[in-house]
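Participant: Protein sequences, first through last, are from chains C and E. Mapping of the first sequence onto the numbering used here: position 371 corresponds to residue 1230, and the numbering continues sequentially without gaps. Mapping of the second sequence onto the numbering used here: position 36 corresponds to residue 44, and the numbering continues sequentially without gaps.
Where hints are given, some of them may not hold.
Said to hold, decoys possible - Footprint (simulated), chain E over chain C, 3 or more residues, beta carbon under 8 Å:
{"no.": "1", "stretch": "860-871"}
{"no.": "2", "stretch": "1147-1154"}
{"no.": "3", "stretch": "1171-1178"}
No wet-lab data here; the hints were simulated from the structure. Note that the Cβ used here is the ideal one computed from N, Cα and C, for glycine as well.
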Amino acid sequence: MIELKENFERYLEDESSVKGQAEKVIIPENENEISEIFKFSQKEKIPVTISGGRTGVTGGAVPERGIVISSEKLKKIEFDEKQQILKVQAGVFLSEIEDFLKKTPFFYPPDPTEKLASFGGTVATDASGARGFFYRRTRNYIKKLKVILPDGEIFECKRGEFIEKDGFLKIMGKKVPCANFKMPDVKNSAGYYSKKGMDAVDLFVGSEGTLGFIFEAEVKLIPQENFTGILVFFTDYHFWDVLNFLKNKKQKIVSIEFFDENSLKLLKEDFPQIPSSKSAIFFEIKGEDFEFVEKIEKFKNIKEIFVAEKKREKEFVKNLRHRLPEKINEIVRLKGFTKVASDFAVKDENFKEMFKLHTKAKDEKIPFVLFGHIGESHLHLNFLPEKKEDFEKSKVFIKKLAQRIIKMSGTITAEHGVGRTKKELFYMMFSEKEIEKMLLTKKSLDRQMLLNRGVMFQE
Amino acid sequence: MDVIVCIKQVPATTQVKINPVTNTLIREGVESIINPFDLYAIEEGVRLKEKFGGKATVISMGPPQAEAALREAISLGVDEAILLSDRNFGGSDTLATSYTLARAIKRIGEFDLVICGKQAIDGDTAQVGPGIAEELKLPCVTYVKKISEVKDGKMVVERMMETGWQIVEMELPGIITVVKEINEPRLPSLRGKMRARKAEILIWNASDLACEMDRIGQPGSPTVVKRIFAPPQKPAGKILQGDIDAVSQELADELKRLGII
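Extracted from the complex, chain E is given alone in its bound form:
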């Protein structure tokens, strides 16, 4: 089973600060990581490969430094990594990104399944997985929490819903986006890390992908960002400590003072 996993390098958001004047992310000194949901996509791709044989390839669109994310994917068991990097890709919204990734998947050619994380933690749109499916005219199931069967060109998956889950049978090749319930990502082994250090990362640009130039980067991105702003800062919470009776009284007094009770 040949699997393609799409990943994104994102800032570790717990540390991200927003410049209050310009309202932009302060990226300096912020660690870059593989989008956490994509780690589950990588793990699932590697497990399928280990179970059924075949090859797992990881692709990512991003600046040259996104190579680090791809190397990490290799350390986790992926066979091959491709970085889609070109100045012309800059400013892509989810539509242009989906198109570009779809072009790369087409170029790879043979595959049975594309796996994406359910969403990236920086944009939170969850649009790129379905976007790729639309572009490639492939069946797509989002929020997959389990792959229960792969047989005869079909796959049965469990799809996470708010109140339970759906069991869906889909044709292959197809696309799924996965949630964190699907597996426990492994730790990279030493061998994996050594392989990742030495691995060659393929770099494809817009012309390698034969992209239509008005569908990539800024020109290919109809999304208009009207305004970016940081949510107003909440005052720090208060922790009451000490004897349970005293603390309960204090809490009750405070709630009364605030007019809640």
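Excised from the complex, chain C in its bound form:
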């Protein structure tokens, strides 16, 4: 176990540009050390913040004060080929899982863009990714968890072993209230998982580290698949026919993403090969199916279609897609502001309306880009303000937009999580009663609210 008492600035921030404070950073090497730190924290009433890859965009890993506990030394990966199960510790990067699995005929489907995210962080936030349209989210692949609870107890839970009954889960002798409010029926990252008959695994996955330290998990693997990526560039904003066509081919389509004109202009700076166009859809299909792609050609307003089958072509498309969020974060950081972005999702039937509301951003006369996982009716509007006044204005716009999304029974965060930066919207989305219920869950495991203090809940 390493303890840092100075020179640990990098542990005080993440990709959100939110900065925090801490007295020290501890880097444990096993579950018992974490357990000891937690026991000490409870006894001395010192807040503990869990730190993984610090690639989150909502400040979930940023400490308020107290101890930071980093997962960076928890690097074990074990592979059980017969069971098709991978056992991964919290500090392993997604890129390391990917590299590890290259030697096997399997892959791990959750694919958040940021490959330097720590595995533990992706479990704690129930990360999804572009292929979520078909492969869903991290929770769908978690078979077993080892969690260090805030009181220091080490809890191993296998899916199916701990099931909610009469509104409670029994966890290490504690009665944990759960399944006591209604989750929005959309792609959602806001609040605890809540469903009748739910599994304890699902309570911890996506709890943003507020209920325990995800030390290790066993994940389900899937036989390696070959994907073909298709980029469709449009002469205007009428991509809806193609979108509807794709959405009806659920068995074939793995991902559907959207880029607006501003996104494409930004990308063209680095990828001059892409045509000037008003909007674009990127989608992936399983396998190679040229006839299927040819069907797309008959739709109107298409300027150009690129098909990525070969390695070089796939690499190009991958770089193109990953470059956009990266570039946005760079611009935002350069201007010295925090990210002002939407991460909203609604039900499919409300998506057209949500899209229209997002495009109203242009009336604000502040630079912005709009893109997202439209297969799951999920959009990211990112403002790129250049002055303080515009930064404030864009925050107001996002807040107003959130109100409309909430009215449509959508979510204020579909994948980024609440963290520290979306608490205000989180408290708008859920009623006081619902928040109170989530707090009951939290307090049943962490009475003094010491773990990841300030994440999700306001003081």
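Given the coordinates of chain C, assemble chain E onto it according to the supplied hints.
Facilitator: For chain E alone, kept in the frame of chain C given last:
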């Protein structure tokens, strides 16, 4: 402007393994690709055609499966593709290859410019472009990073040097070999791919090209390969991770241990 682009199909070398016993390349299961530098040659040829009109033709010498590389070139905008394939071409070194490609270029007849990639990533010789030029007695400029002007049967190009670049004016028809700085190869469009699927690939053999038989294949190849061997394997590097102070100390200790500092 009529352009001829010469390309080669090569194994994707990042994946190539060498059989430690026989010292030969293990080609099974290794993906074949267009030599990466040739992609820039194709792109430049297609751009010239699009700008000035005319025709872009791609040629490649290789076994029948090299057809895939030619089809890919068509998907990238080339008009016509010719495969030079004959058992008698087998075992060609760069001299015999240059001769054979030159014969094909002669047979095509009318052209303003031949473009090659600067070198192939499997042999790394960079000899075939200049070899063709010698055979056809044409002016040749290697390592071209930019074509800045095409006018009145002449062309001005920028040639990449180690410490800067040369501006060269050359007569046309001529030959250039290009470096990757010259352009950004496009992605094939769906239409391009559809065209490539249906396109007919011409196949020319030694007699089509009226080759002198002692100048092609093994008989035409004076190069003698004395020995092929894999470079000795380097032990894996070590990545130090963690706190910067601890890591720095660890690095310093390691360097001391190795006697470097």
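Participant: All the hints need checking, so say for each whether the structure fits it.
Facilitator: Results of checking the hints against the structure:
no. : hint      : result
1   : 860-871   : holds (count 4)
2   : 1147-1154 : holds (count 3)
3   : 1171-1178 : holds (count 4)
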